[in-house]
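J.: Each protein sequence line maps, in turn, to chains A and B. Heads up: the first sequence at position 49 corresponds to 49 in the numbering used here, and the numbers run straight through without jumps. In the numbering used here, each number is its position in the second sequence, counted from 1, plus 1000.
Don't read these hints as lab results, they were simulated from the structure. There may be inaccurate statements among the hints.
[Claimed, not checked] Simulated pairs of lysine-lysine, DSSO-like, Cα-Cα distance not exceeding 30 Å:
#	chain 1	residue 1	chain 2	residue 2
1	B	K1003	B	K1057
2	B	K1111	B	K1096
3	B	K1096	B	K1233
4	B	K1063	A	K124
5	A	K54	B	K1106
6	B	K1096	B	K1106
7	B	K1003	B	K1213
8	B	K1057	B	K1096
9	A	K221	B	K1096
10	B	K1225	A	K54
11	A	K124	B	K1106
12	A	K54	B	K1057
13	B	K1057	A	K124
14	A	K124	B	K1225
15	A	K221	A	K8
16	B	K1003	B	K1063
On a predicted model such as this, the values are computed, not experimentally measured, just so you know.
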Amino acid sequence: MHWEVVQKNMVYFLLGSYPHGPLGGLGLSVLLALGGIFLAFWIGILFGLMRLSKRWYVRFPSIIYIEIIRGTPLLLLIFWFYFLVPVIFKKPMPEIRTTLIAFSVFTGAYVAEIVRAGIQSIPKGQMEAARGTGLNYRQAMAYVIMPQALRNMIPSFVNQFVSLTKDTSLAYIIGVQELTRTATQVNNRTMNAPAEIFFTIAVIYFIICFGLTQTSRYLEKRLSYKTSGRMRQRDIVELKDNSEAS
Amino acid sequence: MIKIENIHKWYGDFHVLQGISEHINSGEVVVICGPSGSGKSTFIRCINRLEDIQQGKIIVEGKDINSPETDINQLRAEVGMVFQQFNLYPHITVLKNITLAPMKAKKIPKKEAEKIAYELLERVGIHEQAHKYPAELSGGQQQRVAIARGLAMRPKVMLFDEPTSALDPEMINEVLNVMKDLAREGITMIVVTHEMGFAREVADRIFFMDYGKILEGGTPEHFFKNPQHERTKLFLKEIL
């Protein structure tokens, strides 16, 4: 085994050639995922709300967008942006920007569905009560429906983020220096430790994604408010304590 | 104050409201009763346009509520509504439940809105719960908060859609007492309820609905002692 290869190149896996050159490796992967999920969040809210509109000409574009994206592989989307943008705009776009746009557009469609489901999970009576007191649709959405829907969305949203973090490895294909690409580069150069290298990379992806799902679980607990049917963790613990004491 | 002219409503093929015409005066307390599925809830939900009607007219304070020129948000601010399931906002405190609409829809400053909210909470007897979340209160307390929330917009009419039907028996009275107080203060109220004791005590008029129509309407005296319609007699026999 040649673990020294991994050891020697760890910094390269984590940061690419930074600080002497551009950021790469895990740093770039995480940055791409963060940027992608941030943009996808706003795209998702916009198209999720459009999807729920009563007006067909608002709803329709959203349905088309969501269904097309959900029915095509992310890799193809990256190719489209990579090969089509230069044809349309007569000048190439930097690879990192290409992938970031592809990630946002792709994840945005899924987030839109999460937003739709989150809003539809709020009982109808909430909207009626809000509108009934004279709030307009926008106010009712902003102050009553969305704050509750966003909380319900957290687990699915983090899922999507985890997915995207792993999918950033697809940027490899158009030459973006993210984690997977740094690994192949080192592997091509050294040739004697492929198992060690790709095992390490897998562990790195796992740590990031596992950390995220754990955070999501913690957030879910912390943000859950008392609702009639659902108890907070603290209350359940108190109940247990009481029953044990008695 | 509220004029209802021959309204009809269909859910698909189902003819829920089959031509209702009524006149409700300012300060009047009207109780609507009738078997389930008779259209009572649908009827009062039409009055603040939570449901649309397909025929006829509803005029509140001189405004045709289904006309496109009517500002429906402003109208709803004048017509408060209390629901069977309370529908409090679970993610914010009792106080904020009450101040939300006045602050956002009427642009009342926070301090003033809170002052109004505390007054109302005092009125419904739970001012010490202002900073709790709805799920920390009992059903009766939640419904009283819902009433306070409705009153916070200073509505001219309050609609109650079976306000005590989802409550445990021992909590019904605390809500009814609040409603009785309101009735005495002269707020126009339209109440869908099965609480006949309440109807007898505070209603100015009782409507009996079935098959999407008001079959009979009159003072409690008339309604309980001398019902005209066969359906009403049968219903009263069942319920009393």
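J.: Take the hints in turn and mark each one as holding or not.
T.: Hint-by-hint comparison with the structure:
no.: 1; hint: K1003/B to K1057/B; result: holds, 8 Å
no.: 2; hint: K1111/B to K1096/B; result: holds, 12 Å
no.: 3; hint: K1096/B to K1233/B; result: violated, 45 Å
no.: 4; hint: K1063/B to K124/A; result: holds, 27 Å
no.: 5; hint: K54/A to K1106/B; result: holds, 26 Å
no.: 6; hint: K1096/B to K1106/B; result: holds, 15 Å
no.: 7; hint: K1003/B to K1213/B; result: holds, 16 Å
no.: 8; hint: K1057/B to K1096/B; result: violated, 35 Å
no.: 9; hint: K221/A to K1096/B; result: holds, 23 Å
no.: 10; hint: K1225/B to K54/A; result: violated, 49 Å
no.: 11; hint: K124/A to K1106/B; result: holds, 24 Å
no.: 12; hint: K54/A to K1057/B; result: holds, 24 Å
no.: 13; hint: K1057/B to K124/A; result: holds, 26 Å
no.: 14; hint: K124/A to K1225/B; result: violated, 40 Å
no.: 15; hint: K221/A to K8/A; result: violated, 41 Å
no.: 16; hint: K1003/B to K1063/B; result: holds, 10 Å
In the structure shown, a violation is registered for the earlier hints numbered 3, 8, 10, 14, 15, in ascending order.
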